[in-house]
Amino acid sequence: MARTTLTRTVLAAVAATSLFALGACSSDAGNEPAAGGEPAAGADDGVITLGFSQVGAESGWRAANTKSIQDTLTAENGFDLKFSDAQQKQENQIQAIRSYITQGVDVIAFSPVVETGWDAVLQEAKAAGIPVILTDRAVDAEDETLYESFIGSDFVKEGETAGQWVAENFDGEGLKVVELQGTTGSAPAIDRKEGFESAIEGSDVEIIDSQTGNFTRAEGKTVMEGFLNKHDDIDLVFAHNDDMGLGAIEAIEAAGLVPGKDIQIVTIDAVKDGMQALADGKINYIVECNPLLGPDLAEIAKAVIAGEEVEKRIVVKDEAFDQAAAKEALPTREY
Amino acid sequence: MNNVLRHHLFWPVAALVALLVANTVARPSFLSITIRDGHLFGAPVDILRATAPLLLVALGMTLVIATRGIDLSVGAVVAVSGAVALSHIASSPNPESPVTVLTAIAMALALCLVLGVWNGFLVSVLGIQPIIATLILMTAGRGVAMLITGGMITTINSAPFKVLGSGFWLGLPVAAVIAFGVFAVVAFVVRRTALGMLLEATGINPAASRLSGVRSKTLTWTVYTASGLFAGLAGLLISADTMAADANNAGVFIELDAILAVVIGGTALSGGKFNLSGTLVGALVIATLERTVTVLGISPLVTPLFMALVVIVVTLLQSPRMRERLTAATRRQAVTPPEPQPAARPDSTEVKAR
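Quick mapping for you: the protein sequence lines, in order, are chains G and B. Throughout the first sequence, residue numbering follows the UniProt record's numbering, covering 1 to 335 in sequence. Throughout the second sequence, residue numbering follows the UniProt record's numbering, covering 1 to 354 in sequence.
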């Protein structure tokens, strides 16, 4: 009897470890192969070792952002990139940053999942003498010397650009707008909402309903279905990202209406699927949020290592597209 | 009247009706169904479609819970299923061909079946606690899905696959037809044969049922396999709804929603007696609740709190002990001689007030 129990325990342990190992290696799938074993590379060999902690893979935008960073920070360009995916969890990011500090990388870069709670780990990086660069999203730290530079778009401006287009084109028509917000409490959701509202102020454009769609297609669709049940008079959807807008298109089509005509759609991001929908006439206006941060990041990282002064805030240039511009831009777009 | 009140489905159905009433008050045309583009359109139709994946997952969960088990891995299986199907379609030269789509569906379901068999093996053969055994796949499964999609959100354009999510059959959403069809078949098999009784026997006392000739081990293995298969089917419906496979976010917390649907439906987590029709009502309650949040215009900041309150009220009303106390308390206060009818009223108005 004792023997069977032992066999069982051993079997279970083997089974469990093999599965965990499977899970573990898959979550490292995007990593450079020699994350742990390689000796800490100094700047003296000419190669800059950069540890990057990505938020996750929650949207098409994020995928394009990841690709830009992985394609730019290559060995040919003089970088040794260590990449990790935090799966939208702050604790994973903190853990990744700590492991980069232990490995003694030259530069740490990351897109913070949330704005707060970074002081301790950034202090550790500072104490270890490793410069930190923020990309895409900012942190809310009292001590600005904790990071070298923040590269990213101005979310308030993006919201404003979207709002201005709406106000310019539809003022005087008593337009009724529903808003699909991003993840509650995230910087892009707060800032885009604020920017849009300030831009439509003074016009007769009115936001009649606003609800979070969590930046995902599935929730964008569900919330839009609800809006369509609730209101008969929706003229325009303002979605905080393309994916929610694409979800809204599905819901509008299911309701027997024509997206882009019966209900206009304005979104932010300009990822490939979104631009395609814009060119097809299903979306009316997209404000770009440029995900191609790789080149800027490479430049800043090199400058920081060379000991040059870098700007604290680098705003990435964002464009805006209407349907005609989308048709023109689509064939040459990288993402 | 008393019999109606005591019926096991009374409180879940009352909760569902209360939610529908609240929606109709906020939006008088809520329950109206019209025909647009040759199919039915309206909030009830949307709710039926939104219920479909949850119903499938909750169906498997009910069977698993009946054997005193639990399956935490269903959310991860949902993600794996979508990842496999969409990766296959995306990589095939001809995504619009029905053959490609059918192959993709078969591959996804086959893999999910294997995952279910794995869970069943851990629980029934190795005798590992169900919560631990399925926790392994819950954590590892999303990793597998990430591995398959390469960490990206895979999106596809394929008309035949899209039918699963947004298509209509005889005016009804295809997703709902599939889910309710599977539900009906399972309910028929379980209740018209001895299978249901044997499952309950296994859940009530595994040792005694084994000694009296019930093949508990095989039954346990079967329910986990079925749960994996149903979760895989749910994963296909979810990914077809948006035509995207999102390894991180597809089916997140669906295991908790499914357990909740089972509990609202009146099946105890301690196993034994189970109640499939209750699970159906439970799944409808949850889907309706999600819709209610939008229709009532509840702020995103308080949405989780609102949902928690509704769930607390429903589960409290479900609890026989709580109901006894409420009845006793109202009887004591009543001036007129006690009657069962007024005794029940305060609770039902409480639900409606929400």
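Treat each hint with caution, since some may be false.
Below, simulated DSSO-like cross-link-like pairs (lysine-lysine); rule was C-alpha separation at most 27 angstroms, straight line [unchecked claim]:
1. Lys327(G) <-> Lys217(B)
2. Lys272(G) <-> Lys162(B)
3. Lys312(G) <-> Lys327(G)
4. Lys162(B) <-> Lys261(G)
Rough simulated footprint, nothing fancy, chain B against chain G, three-plus residues with beta-carbon under 8 angstroms [claimed, not checked]:
5. 90-98
6. 161-170
7. 191-204
Here are some, though not all, of the chain G residues that point toward chain B, as calculated from beta-carbon distances under 8 angstroms [unchecked claim]:
8. Gly247
9. Ala255
10. Lys317
Note that these hints are calculated values from the structure, not bench results. Beta carbons are placed, not taken as given, at the ideal position from N, Cα and C, and that holds for glycine.
Notebook entry, point to check: Honestly, which of those hints from before does the structure not fit?
Noted result: 1, 3, 5, 6, 7 and 10
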